[in-house]
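Please build the complete structure, drawing on both the sequences and the hints.
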Amino acid sequence: MRDKSLLKEDTDRVDGFDKVTGRAKYFAEYQIPGTTYGVLVPSTITKGKITGIDSKAAERAPGVLAVVSHLNRPVVAGYETGKDQGVPNNMMKIFYTDQISFNGQPIAMVVADTYERAVYAATLVKGTYAKEAFETDFEKNLSKAKAPKNPAQASYLRGTADAYKNAAVQIEASYTLPTETHNPMELHGILANWESADKITVYAKTQGVKATQGTIASTFKLPLTNVQVNSEFVGGGFGMALRTWPLEIAAIIAAKQVNKPVKLVITRDQMFTLAGHRPYAFQKVGLGADKDGQLTGITHEAWGHTATYEDFTENVVSMSKFMYNSANVNTTYKIVPLNVGVPIWMRGPGEATGAFALESAMDEMAHSLDMDPIAFRVKNYTEEDPEKSRPYSSKNLKEAYKMGAEKIGWSKRNNKPGTNKDGNWLVGYGMSTGVFNASRGRASAKGILKSDGTLLLQSAASDIGPGTGTGMVQIAHEVLGIPVSKITFELGDSSFPTAPSQGGSATLSTVGSAVSDVCNALKAKIAEMATQSGLSASAKFVDVLKKNNLPSVEVTMESKGGEEQKKYSMYSFSIHFVQVKVNPLTGVVKVSKIVSVGDSGRIVSPKTARSQMVGGAVGGLGMALTEETVMDHRFGRYVNNNFADYHVPVHADIPEIEVVFVNKPDPYINPMGAKGMGEIALIGFSAAVANAVFNATGKRIRTLPITPDKILA
Amino acid sequence: MINFTYVRTTTAKAAVGLLAKEKNAKFIAGGTNLVDLMKRGVTAPDRLIDINAVPLKQIELVGNMMHIGALATNTAVAEHELVKLHFPLLSLALQAGASQQLRNAATVGGNMMQRTRCGYFYDTTMPCNKRAPGTGCGAITGYNRMHAIFGGSEQCIAVHPSDMCIALVALDSTVVLSGPKGERKLKFIDFHKLAGTTPDKDNNLLPGEMIIRVEIPTNKLAAHSYYVKVRDRASYAFALVSVAAGLELQGNKIVDVKLAMGGVAHKPWRLLEAETFLKGKMATEANFKSAAQIAMKNAKAYKENAFKLKMAPNTLIEALNLAKSKA
Amino acid sequence: MSVKEENIPENEGRRDFLKQGTLFTALALTPVSLLKAADQKADEKFAELFEKVSLRIKVNGKAHELFVEPRVTLLDLLREQLALTGTKKGCDHGQCGACTVHIDGTRVNSCLQLAVMNEGKEITTIEGLANEDVLHPMQAAFIKHDGFQCGYCTPGQIMSAVACVREGHAGSKGEIREYMSGNICRCGAYPNIVDAIEEVHKSGVQV
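As given, the protein sequences belong to chains A, B and C, one line each in that order. Under the working numbering, the first residue of the first sequence is numbered 1, with each subsequent residue one higher. Under the working numbering, the first residue of the second sequence is numbered 1, with each subsequent residue one higher. Under the working numbering, the first residue of the third sequence is numbered 1, with each subsequent residue one higher.
There may be inaccurate statements among the hints.
What the hints assert, rightly or not - Here are some chain A residues the structure puts well away from chain B; computed CB gaps all over 10 Å:
id: 1; residue: Gly52
id: 2; residue: Glu135
id: 3; residue: Arg158
id: 4; residue: Glu172
id: 5; residue: Leu224
id: 6; residue: Asn259
id: 7; residue: Thr419
id: 8; residue: Asn437
id: 9; residue: Ile448
id: 10; residue: Leu480
id: 11; residue: Ser485
id: 12; residue: Asn520
id: 13; residue: Glu564
id: 14; residue: Pro606
id: 15; residue: Val630
id: 16; residue: Asp709
Said to hold, decoys possible - Short, incomplete list of chain A residues facing chain C, as computed with Cβ under 8 Å:
id: 17; residue: Arg13
id: 18; residue: Gly16
id: 19; residue: Lys19
id: 20; residue: Ala24
id: 21; residue: Gln31
id: 22; residue: Glu116
id: 23; residue: Gly235
id: 24; residue: Thr267
id: 25; residue: Thr608
id: 26; residue: Asn642
id: 27; residue: Ala644
id: 28; residue: Val650
id: 29; residue: His651
id: 30; residue: Ile654
id: 31; residue: Glu656
Simulated from the structure, these hints should not be mistaken for laboratory data. The beta carbon of each residue, even a glycine, is placed where N, CA and C say it ideally should be.
Structure representation (structure tokens):
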């Protein structure tokens with residue numbers, strides 16, 4: 001945010017200059033004198049006990065300062081308060097015991113004076129183990145599934161269970177989504193520096209500086225004010241930085257041990273084991289409809305995996321409860337504990353998993369009914385949330401269907417699969433709907449109007465990429481009318497006023513509301529000062545400050561939603577349209593055109609909003625066609641834990657993407673009328689691709705990703 | 001990675017001499033595969049001999065032979081006017097591999113020496129006869145979606161990863177080697193070997209030998225050459241199956257044909273029987289299909305790569321179709 | 001100790017020295033000044049002496065005379081020793097392109113380059129693409145077209161994009177996509193990046 005004079009348009013990203021010049025500093029790039037390097041030593045067994053750690057050779061190696069493990073770590077105050085106490089969310093306590101729960105779990109950390117020396121010394125540390133039998137195969141362990149603790153998540157019933165079985169037209173199908181790994185481009189880690197025995201500063205990769213601060217404080221039993229977390233730039237997260245990982249605690253422990261700053265940057269293969277993933281999921285969907293296409297029953301059952309040492313749950317079946325008008329709906333959701341690192345929400349989280357199944361099933365039903373998939377969805381459209389029996393705060397999907405259909409050329413779609421060709425390639429069109437909760441949480445912000453004509457805003461929010469600062473500056477500009485170039489929004493600092501973690505598409509709504517409220521309060525304050533000092537109420541704030549001989553005026557306030565949250569169901573919606581081309585000989589699927597329509601209230605920051613929708617489509621395309629984290633269950637180890645074998649889409653996979661916004665303000669959610677869109681950008685996309693592949697080939701592929709071998713099978 | 005000693009050299013003779021002096025020394029040129037393997041602990045040389053300054057970068061026509069030096073980069077070869085004119089198949093194959101950044105660093109010799117991408121080979125905690133002879137093959141009863149369907153052994157079913165080499169094998173290339181006993185020539189099809197009982201050896205290079213250049217005889221296939229690479233994403237991925245196809249046509253009659261397949265064997269897989277079948281026949285879909293049938297003789301699939309039994313012949317047909325229709 | 005040419009003595013390396021089992025062999029080859037420096041913590045200092053080699057390298061126009069271990073990659077040299085953190089580590093195995101720099105004008109993955117392989121070479125990183133506070137046309141185009149979100153792959157994308165135009169591989173969207181495929185963007189800014197590159201190419205501006 002150094003020099004915004006080089007930004008040509010008001011809608012340019014406020015941190016664009018820093019990002020394109022390499023000046024933006026990510027956690028591992030802060031220079032602290034005396035910094036040492038930590039490297040983790042991963043376990044090579046999947047379950048059992050550590051019987052010994054031979055670290056002699058490593059300790060003798062040049063430059064090595066320490067080999068930290070459960071055998072010699074310093075006291076961690078939060079570890080000493082009982083088995084499951086002291087650490088938030090029952091997070092695995094690293095270097096706590098000899099217990100191994102998953103392959104790759106760190107057994108030690110080597111700290112050395114240079115990166116190369118630490119890396120080498122880590123290879124010299126040899127663990128010995130007493131192996132135990134383990135389970136990593138999701139499908140083989142489905143019978144061990146358990147209900148999540150939250151009963152509302154576990155099951156739901158409206159009307160009659162399994163009503164689809166009595167319907168005139170029925171479909172019943174199973175869908176499988178393999179494990180996916182977030183893989184943000186920036187590697188995870190932390191830079192930890194104990195300023196004194198009970199005061200620490202960390203540079204972290206986190207989607208929530210306050211959350212990280214809280215976890216560190218409780219783990220080490222420190223006052224919050226003694227934990228400073230900085231995270232101005234985050235090289236992507238997609239959910240994996242929504243929690244503090246044990247590896248971060250490991251570096252903080254090691255820094256304590258060597259009494260020097262420790263920088264830990266994990267490897268790309270460790271990103272697969274130590275920093276979460278989207279869990280493997282198996283789903284069964286049953287749909288029933290009458291001959292005219294009215295849904296009469298929806299049954300949606302889902303299973304996802306979790307770790308043996310922590311429970312992870314997400315909302316896989318929620319969309320089935322409220323998206324379509326069916327008198328009868330029943331859902332269940334269960335989790336299967338496995339010897340893997342614990343999963344974490346990945347963009348769109350469970351809703352994206354669920355939408356793949358539901359929106360594929362909707363397409364299957366439309367096909368059975370010989371109905372156009374859009375017409376089928378419109379037929380079952382709801383103006384009221386059937387789950388909560390209350391109106392939506394805003395929903396413009398009928399309009400959105402029309403907008404998208406026109407842009408993609410839906411009229412060229414033939415409802416009969418396998419009939420549309422371009423040379424030797426089969427052509428297909430598919431669509432799907434996405435939906436995600438639109439919420440407004442609680443956040444605080446500080447605003448300082450200065451006599452030099454600038455506005456400084458601060459909040460402990462995060463920006464993992466969507467453009468939080470850019471959005472906040474737009475909001476402030478709209479309220480106060482100050483030029484965008486004179487407004488600065490600072491984030492990623494735990495000493496700023498509290499803001500929630502960046503997740504669940506809530507930042508713009510929540511933090512944006514705080515910014516809006518603060519700016520309105522500043523406006524009122526200036527107006528009041530103006531009148532009191534004999535100026536007109538509409539006097540410019542610079543003049544008011546000068547008249548009062550004040551360098552600045554400041555407001556800090558908390559902001560949160562009210563009763564409207566109980567009166568209305570608030571959701572953001574999306575519709576994804578794709579055109580695919582399938583080579584029937586080689587099985588190659590090319591997505592040749594994408595149109596994504598966002599119905600998420602008013603668009604505050606048009607350029608970044610469009611980019612977010614584009615990014616979601618790219619992520620969705622990966623989910624649909626290329627991404628799968630593969631494990632060898634004989635060893636409990638991932639076999640494609642790198643960017644060459646775990647296929648994230650590349651430039652050549654991505655066609656033109658057209659983004660369309662309904663752009664109508666939501667009258668209730670927040671002062672801006674804007675709803676979040678980070679999740680809806682991806683939710684449902686994979687189903688649109690699967691539906692298009694069916695339209696092109698007549699092959700219904702229910703296991704992602706849709707790789708060439710599946711087309712040929 | 002372990003530390004090592006490093007030395008630069010400027011002549012092939014000196015390089016070969018240096019290599020002979022140290023048991024565990026390796027040449028480094030582009031380093032795009034070697035540095036990766038060293039980081040993973042798959043290989044740990046005591047000494048690296050930097051041969052980048054050895055003058056082996058030539059790309060030139062010598063009589064009816066194209067000479068390409070071992071140190072010419074993949075980009076230099078792919079984009080060379082003579083290569084594009086006479087051997088578009090080689091150009092296409094090179095461009096189908098890796099990324100521009102990697103091709104800029106990777107050399108012809110290094111590409112020939114590129115090791116398999118098998119996940120078990122790369123993970124030093126897992127069994128792999130190629131990396132650690134005698135430890136078993138992780139892939140045969142494990143994750144073998146990417147693996148061989150031709151010429152596999154009971155010890156290793158890894159596939160050769162290069163695209164360039166598939167084209168070179170199809171083009172009847174010869175490789176020139178220099179060793180302690182002087183220079184020798186080897187048909188490129190005999191450069192790489194099947195895994196057999198020595199899967200740790202990828203090729204027939206003798207101890208102490210260095211790759212000097214590759215020689216490609218000119219041909220009349222340029223107008224009808226195509227390289228098809230089927231992969232899990234549109235670019236920057238290793239082949240599930242790839243086919244290099246070159247046709248010499250008189251009208252619709254096949255006068256000459258060269259075919260090789262990648263992603264299917266421990267070495268670039270030349271399809272001589274299919275070529276023999278096609279020679280003299282008409283370039284029809286039916287003949288392409290028959291050739292594909294012939295090419296698939298003796299193919300054997302494992303649990304997760306059975307799809308290659310269909311993908312491989314289909315890709316061959318696709319490559320022949322595209323080679324034929326190419327303007 | 002500098003790297004000599006092919007007439008290099010047999011025992012210049014630390015491991016050779018250890019294999020010989022005697023300190024004297026090594027001492028005989030070591031300049032006196034270095035021995036003095038190695039007074040204390042002999043093991044450690046010897047390790048450094050025998051493991052490091054000299055390296056002359058130019059980075060963004062600035063000449064450096066360095067003394068580095070052969071195992072140090074160009075990427076780690078830039079980030080950890082020269083504090084040039086604009087070049088990013090995304091995978092460390094040549095599989096993502098975040099570490100793309102220009103070596104003598106050619107784009108390569110700096111993570112797979114040993115630093116010592118670049119003796120006498122000129123390296124350009126994102127920090128050296130433009131002068132202070134003046135943007136390179138590609139940087140400006142990335143801002144205009146919003147060719148990034150989190151920004152982490154961005155320096156690599158921009159270095160690659162500049163090379164892509166210079167190489168003559170920016171003739172169409174399809175060509176740009178193929179020749180930019182070595183740069184992964186997980187946020188999915190691809191279409192915007194392609195728009196930025198296409199615009200710079202079409203503008204004909206010198207890059």
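Task: Interface hint outcome for Arg13/A [beta carbon to chain C under 8 Å] - done: holds (7 Å)
- [ ] Against chain C, run the beta carbon of His651/A and see if the smallest gap drops under 8 Å.
- [x] For His651/A, the interface hint holds, since the closest Cβ of chain C sits about 4 Å away, which is under 8 Å.
Task: Minimum beta-carbon distance criterion (8 Å), Gly16/A to chain C - done: Given a least distance of 4 Å, the restraint on Gly16/A holds.
TODO: With a cut-off of 8 Å on the beta carbons, see whether Glu116/A makes it to chain C.
DONE: With Cβ-Cβ at 5 Å, under 8 Å, it holds.
Task: 10 Å Cβ clearance of Asn520/A from chain B - done: Label holds. Min Cβ-Cβ 49 Å, cutoff 10 Å.
Open item on the list: Restraint: Thr267/A near chain C, CB-CB cut 8 Å. Satisfied or not?
Closed with: Holds: closest Cβ of chain C sits about 7 Å from Thr267/A, inside 8 Å.
- [ ] Beyond 10 Å from every chain B Cβ: check whether that's true for Pro606/A.
- [x] holds (29 Å)
Task: Status of the Gln31/A interface restraint (C-beta, 8 Å, chain C) - done: Constraint on Gln31/A satisfied, holds at 6 Å.
- [ ] Decide, holds or violated, for the assertion that all CB atoms of chain B are farther than 10 Å from the CB of Gly52/A.
- [x] Holds, because the least Cβ-Cβ distance between Gly52/A and chain B comes to about 17 Å, which exceeds 10 Å.
Task: Status of the hint placing Glu656/A at chain C (closest C-beta pair under 8 Å) - done: Given a least distance of 6 Å, the restraint on Glu656/A holds.
Task: Given hint Asn642/A near chain C, where the shortest CB pair must fall under 8 Å - done: The hint holds - Asn642/A has a Cβ within 8 Å of chain C, the shortest such distance being about 6 Å.
- [ ] Say whether it holds or is violated: Ser485/A keeps its Cβ farther than 10 Å from all Cβ of chain B.
- [x] At about 36 Å from chain B, Ser485/A clears the 10 Å cut-off, so the statement holds.
Hints 15, 16, counting from the list given before, are not met by this structure.
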